[in-house]
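**Q** The lines below spell out each chain.
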Amino acid sequence: MIPAPFDYYAPTSLAEALTLLQRHGDDAKILAGGHSLLPAMKLRLASPSVLIDINKVDELRGIKVNGTVEIGAMTTWSAIEHHAALAKACPAMADAVGLIGDIQVRNRGTIGGSLAHADPAADMPAVVLAVDAQIHVEGPNGPRAIAAADFFTDMLSTALEPGEIITSITFNSHGAGEGSAYAKFPHPASRYAIVGAAAYVKLENGQVTACRVAITGAGPKAERQPAVEQALIGTDGSADAVAAAAAHAGEGMDMLGDIHASEEYRRAMCKVYAKRALLKAIERAR
Amino acid sequence: MTTITVTVNGVRYTSDVEPRLLLVHYLREHLNLTGTHIGCDTSQCGACVVHINGVSVKSCTMLAVQCDGAEITTIEGLAHNGQLHPLQEGFWEKHGLQCGFCTPGMIMAAADLLKRNPNPTEEEIRHGLEGNLCRCTGYENIVRAVRYAAEKMAAAQAAD
Numbered sequence: 001m002i003p004a005p006f007d008y009y010a011p012t013s014l015a016e017a018l019t020l021l022q023r024h025g026d027d028a029k030i031l032a033g034g035h036s037l038l039p040a041m042k043l044r045l046a047s048p049s050v051l052i053d054i055n056k057v058d059e060l061r062g063i064k065v066n067g068t069v070e071i072g073a074m075t076t077w078s079a080i081e082h083h084a085a086l087a088k089a090c091p092a093m094a095d096a097v098g099l100i101g102d103i104q105v106r107n108r109g110t111i112g113g114s115l116a117h118a119d120p121a122a123d124m125p126a127v128v129l130a131v132d133a134q135i136h137v138e139g140p141n142g143p144r145a146i147a148a149a150d151f152f153t154d155m156l157s158t159a160l161e162p163g164e165i166i167t168s169i170t171f172n173s174h175g176a177g178e179g180s181a182y183a184k185f186p187h188p189a190s191r192y193a194i195v196g197a198a199a200y201v202k203l204e205n206g207q208v209t210a211c212r213v214a215i216t217g218a219g220p221k222a223e224r225q226p227a228v229e230q231a232l233i234g235t236d237g238s239a240d241a242v243a244a245a246a247a248h249a250g251e252g253m254d255m256l257g258d259i260h261a262s263e264e265y266r267r268a269m270c271k272v273y274a275k276r277a278l279l280k281a282i283e284r285a286r
Numbered sequence: 001m002t003t004i005t006v007t008v009n010g011v012r013y014t015s016d017v018e019p020r021l022l023l024v025h026y027l028r029e030h031l032n033l034t035g036t037h038i039g040c041d042t043s044q045c046g047a048c049v050v051h052i053n054g055v056s057v058k059s060c061t062m063l064a065v066q067c068d069g070a071e072i073t074t075i076e077g078l079a080h081n082g083q084l085h086p087l088q089e090g091f092w093e094k095h096g097l098q099c100g101f102c103t104p105g106m107i108m109a110a111a112d113l114l115k116r117n118p119n120p121t122e123e124e125i126r127h128g129l130e131g132n133l134c135r136c137t138g139y140e141n142i143v144r145a146v147r148y149a150a151e152k153m154a155a156a157q158a159a160d
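Chains as they are written, first to last, in our numbering: chain C, 1 to 286; chain L, 1 to 160.
Quick caveat, the hints were computed from the structure, so don't treat them as lab data.
As the structure is a computational prediction, the values presented were derived from the model and not from experiment.
It cannot be assumed that every hint is accurate.
Stated by the list, open to error - Think about it this way: if two alpha-carbon atoms lie no more than 30 Å apart in a straight line, the pair counts; the simulated BS3-like pairs of lysine-lysine are:
#: 1; chain 1: C; residue 1: Lys-56; chain 2: L; residue 2: Lys-94
#: 2; chain 1: C; residue 1: Lys-64; chain 2: L; residue 2: Lys-94
#: 3; chain 1: C; residue 1: Lys-64; chain 2: C; residue 2: Lys-42
#: 4; chain 1: C; residue 1: Lys-29; chain 2: C; residue 2: Lys-64
#: 5; chain 1: L; residue 1: Lys-115; chain 2: L; residue 2: Lys-94
#: 6; chain 1: C; residue 1: Lys-88; chain 2: L; residue 2: Lys-115
#: 7; chain 1: C; residue 1: Lys-42; chain 2: C; residue 2: Lys-56
Stated by the list, open to error - The following residues of chain L were derived to be distant from chain C, with all beta-carbon distances above 12 Å:
#: 8; residue: His-25
#: 9; residue: Val-50
#: 10; residue: Ser-59
#: 11; residue: Arg-144
To be verified - A few chain L residues facing chain C, derived, Cβ under 10 Å:
#: 12; residue: Pro-19
#: 13; residue: Thr-61
#: 14; residue: His-127
Ideal Cβ positions, reconstructed from N, Cα and C, are used throughout, including at glycine.
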């Protein structure tokens, strides 16, 4: 399979990339890791006439961890997977990244590319929702930050405006009493999530005082699970409390049904994987 | 057309390529290095795995223009002076192949795995080769071949 012809640019700075994107408008696509875009181009589902490859924009790569975690948009899954301080600051992200695709996919795929693509079965959208991340973007009107909760608008659709590029993702490092986890049921061939759940909890004096849960794979976009969160906050985080809370997972969500899993099955798996992620997050918070 | 310069298996090439040319087609059709295979063509099967600057990638999902300036290693570059790489020897000794179609990608992926983890458990080998599909062997002998190579490489290092 061969993509349709296109003009290729490989800028070395963000400013240059933004200028190119501004100049070529809707005809252009940004090429990050390419593991969603290039397959789509090979299938002619996408035929941009201009490809702006930002792999040489070094300022978009890198991981910083202190009280806050900052991950450059062009940081590969592999770099995230092998970052010990990040795994400690956010175990849910480490869980999720190790389960993405395979080693070769993780060597190329990037966090910014994945979030911008907003595949309904991608893992990272659930994680950024659960850790309440900020997604930093830059465009013709300068930089702005978008809360993860506002970022995913529909299947393969985000709050990114034309001409904007994701530059980094930030969120708070976990402190004492905080824990997070990601659990998924992967499609056996593609490793995409049939259902994936990310959970974050905060425990104070044996009580759950904060909780965020997000589900991916089950619906057209990753979504927070407010009913689960509300049911768990104020409890002791016991296995019974988690089971009762997780029973609300998937409530109010449109479920996808396809040859891999029916709507009903996905709805059932939302509860199972929300429970697993929560139990693990609580264990880590204790 | 865009001009690229790459080093493949230690040999420098300068070529004019269309931006849409996939790396795997460049290797196979422009350089006649047909050891790198095209299997699924959708970055799932791993038959096309090569190393770019020492890192394993699926060459069906990368453009040749993206490799300008890069060092590429394909299956043809693994043996040195007629001496098979321990992984190649392992696949031979442990019967790690039947039809052989997946083997080049399997070996290139395993080489990256052993670089990161020189002494992998069976579990780690299976997880590490998740991106490579074999329709013949049931993977048992592939895992044994990788273990064989790990042990051989460890023994060679200890002897140094």
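**Q** Which earlier hints turn out false for this structure, listed by number in ascending order?
**A** Violated hints (numbers, rising): 1, 2, 3, 8, 9 and 10; every other hint is consistent with the structure.
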